[in-house]
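In this text, residue positions in the sequence shown follow the working numbering: the first is 72, and each later residue adds one.
I should point out that these hints are in silico values taken from the structure, not numbers from a laboratory. Just so you know, not all the hints are guaranteed correct.
Stated by the list, open to error - With a Cα cut of at most 27 Å, we get these calculated DSSO-like pairs of lysine-lysine: (1) K586 / K435; (2) K509 / K579; (3) K542 / K586; (4) K579 / K426; (5) K426 / K586; (6) K542 / K579; (7) K542 / K608; (8) K579 / K510; (9) K586 / K498; (10) K608 / K579; (11) K498 / K579; (12) K608 / K426; (13) K498 / K608; (14) K542 / K435; (15) K628 / K510; (16) K542 / K498; (17) K509 / K628; (18) K608 / K435; (19) K608 / K586; (20) K542 / K426; (21) K435 / K579.
Unchecked claim - Label-pair distances were calculated between CB atoms; the ranges are: (22) N460 / S428: 41 to 51 Å; (23) F597 / G512: 20 to 30 Å; (24) L168 / L604: 18 to 28 Å; (25) N460 / P559: 21 to 31 Å.
Given the structure is predicted, the values throughout are model-derived calculations rather than measurements. We put the beta carbon where it would ideally sit given N, CA and C, even for glycine.
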Amino acid sequence: MVDRLCTWLATGCGISYIAPTGRGRKWTGAGFLGTVEGALLWPLLPAAPGPYAAVVAAAVAASCWICGRAERTLGGHDDSRIVLDEVVGFWVAAAFLPRTWTAGLAAFVLFRFFDAVKLWPYNRLERLPGGRGRDGRRRRRDRDERARRTGSREIELKIATLAVLAVLLAAAVPAAAQQTPWQIATATAPAPGPALPAAPAASLGAPLTVSGGPWVPAEVLFFSQGRVVADYAWRDSVRARRGSLYTAADLQSDVQDLMTLGRFTALTPNIYAIPGTSVPSEFAAVSVSTNQVRVVFDVTEKVVEAPKVQIVTPPTAVGGVLLTPTAWRGAGRFNNPGMALDINAAYFIGRLYGKTSYPDAPRKTNYIDRIGLWTLTADGKMQIQSETNVRPAVAVGGQAMLVFRDSPQPTVTTPGVSVKIDAKTTKILTDGYFVASKKFGPMRTSVGVMQGTIGNLAANMSEFLTPEALKFYARDNTGTQVVSRTVPFVSTFYLLKPDYPIGVEVMKFNGAARKPLLINFKIGRFLKMNFDLALLKYQGGYDLLGFFQFRYNHFPKK
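Full structure from sequences and hints, please.
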């Protein structure tokens with residue numbers, strides 16, 4: 072009964088059985104479904120940092136034991152049906168993040184990416200050696216027993232690693248950083264409370280009526296909420312001077328002058344006789360008090376809100392959308408013939424999802440696969456026709472693209488056959504282009520054509536489009552290594568604000584095998600970051616890619 076319960080919990084209440092399972096399958100989609108289940112359960116966890124860390128730590132500890140029992144029941148080393156580590160792992164990845172859909176989506180994508188990449192030293196956990204046994208039946212029995220223990224230890228080490236990360240995050244992140252915006256506003260708002268006591272009259276001297284006078288001032292003080300405020304600008308605004316006569320009319324004039332400063336909501340004047348301080352002899356017959364006086368203004372200051380810091384974002388360069396250029400120069404402010412230069416950087420993280428129908432393909436469905444493709448492009452152009460209400464802007468130019476990888480391109484394999492794809496890390500692609508651009512209301516649309524080696528870009532984005540893979544999947548049919556030289560393109564985008572536009576562009580690689588079509592979606596405005604999506608469509612399948620992109624207008628200056 073206990074083993075059945077552990078198996079049911081380890082498989083995510085049976086959710087992993089939706090995906091195809093088996094010992095020989097490494098990529099089944101069960102881990103993806105387990106992460107989805109963890110994301111759906113995430114809002115049910117406590118919002119406070121302390122209870123959240125306690126619940127996740129308890130879940131991690133319980134998962135170590137549950138997954139070990141489930142693995143022994145299922146009888147497989149790191150069985151793909153066990154997804155409880157993905158469920159609890161997502162909770163650790165989303166620890167102390169705000170409960171928003173953008174934060175949850177970012178945690179989901181990054182968790183699946185790093186879970187697929189398995190950077191060092193995390194990948195060492197999957198290489199734990201099996202035991203070496205003796206001969207015959209006893210050797211096989213010992214080998215199976217050690218393999219079982221090794222698999223259990225692997226899962227326990229994985230979850231223990233997540234537990235350590237959870238403890239470190241709980242210790243490093245202060246509780247104040249976990250508050251929601253409305254909690255922060257409540258915490259920083261001044262709490263209503265009793266008014267502070269006014270200045271004690273006994274320490275200031277004997278109180279006198281303010282309608283009398285004249286007096287001889289010895290000191291001028293300002294009190295705000297029971298404390299002395301040393302503001303010399305206020306003190307210089309009053310007529311009271313040490314050792315000179317000061318009348319009731321002077322006092323009322325000072326009150327009016329101080330209120331015109333706009334710093335107070337209320338002001339109350341007071342006069343106190345200072346014991347043991349006789350007035351000068353020349354004023355003894357005039358002053359109403361034989362002692363010099365202390366002039367005290369009890370003020371209530373206005374609450375001055377700090378000015379909001381406005382972040383000024385420079386206008387987005389509209390010299391290009393994502394990978395395709397436009398006929399405009401700079402940030403769209405230069406509508407006249409002339410030169411322009413843009414620098415564009417893009418990083419294709421990997422495949423988020425994809426499908427193929429190739430009979431030789433080892434996997435028909437692909438989830439997260441790393442690409443690690445960088446492109447650094449210098450785009451120079453000459454605008455030869457400016458835009459008017461009728462005619463479009465027209466430009467000719469050229470691009471030089473440096474393509475390099477931070478990891479080798481994926482390898483295409485099938486049982487008994489292996490196609491090693493060229494893993495060169497650096498390439499240079501160039502092209503010349505002609506483009507026309509026109510504004511249609513809030514939309515900006517461009518149509519053009521590129522000519523050059525830019526057509527080889529598609530083969531760098533998928534292992535199914537390399538020359539070796541094309542020959543392999545086509546079973547050595549002729550014409551499979553034809554490369555593209557001409558790339559027509561069309562793009563349109565909407566500049567909501569000067570920082571993050573939204574748009575789409577389509578690139579057709581004419582002449583290339585499998586007729587690849589690249590559709591790039593600029594969606595950074597919705598995520599408040601430069602994360603975008605690309606759909607690479609070709610005969611026999613498609614890949615959905617995620618990438619970061621940044622375009623910098625170098626010339627002309629903004």
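Status of each hint after checking the structure:
| no. | hint | verdict |
| --- | --- | --- |
| 1 | K586 / K435 | 19 Å, holds |
| 2 | K509 / K579 | 21 Å, holds |
| 3 | K542 / K586 | 15 Å, holds |
| 4 | K579 / K426 | 20 Å, holds |
| 5 | K426 / K586 | 16 Å, holds |
| 6 | K542 / K579 | 21 Å, holds |
| 7 | K542 / K608 | 19 Å, holds |
| 8 | K579 / K510 | 23 Å, holds |
| 9 | K586 / K498 | 22 Å, holds |
| 10 | K608 / K579 | 10 Å, holds |
| 11 | K498 / K579 | 21 Å, holds |
| 12 | K608 / K426 | 10 Å, holds |
| 13 | K498 / K608 | 23 Å, holds |
| 14 | K542 / K435 | 18 Å, holds |
| 15 | K628 / K510 | 22 Å, holds |
| 16 | K542 / K498 | 22 Å, holds |
| 17 | K509 / K628 | 22 Å, holds |
| 18 | K608 / K435 | 15 Å, holds |
| 19 | K608 / K586 | 8 Å, holds |
| 20 | K542 / K426 | 19 Å, holds |
| 21 | K435 / K579 | 24 Å, holds |
| 22 | N460 / S428: 41 to 51 Å | 49 Å, holds |
| 23 | F597 / G512: 20 to 30 Å | 21 Å, holds |
| 24 | L168 / L604: 18 to 28 Å | 22 Å, holds |
| 25 | N460 / P559: 21 to 31 Å | 26 Å, holds |
In this structure, none of the earlier numbered hints is contradicted; all agree with it.
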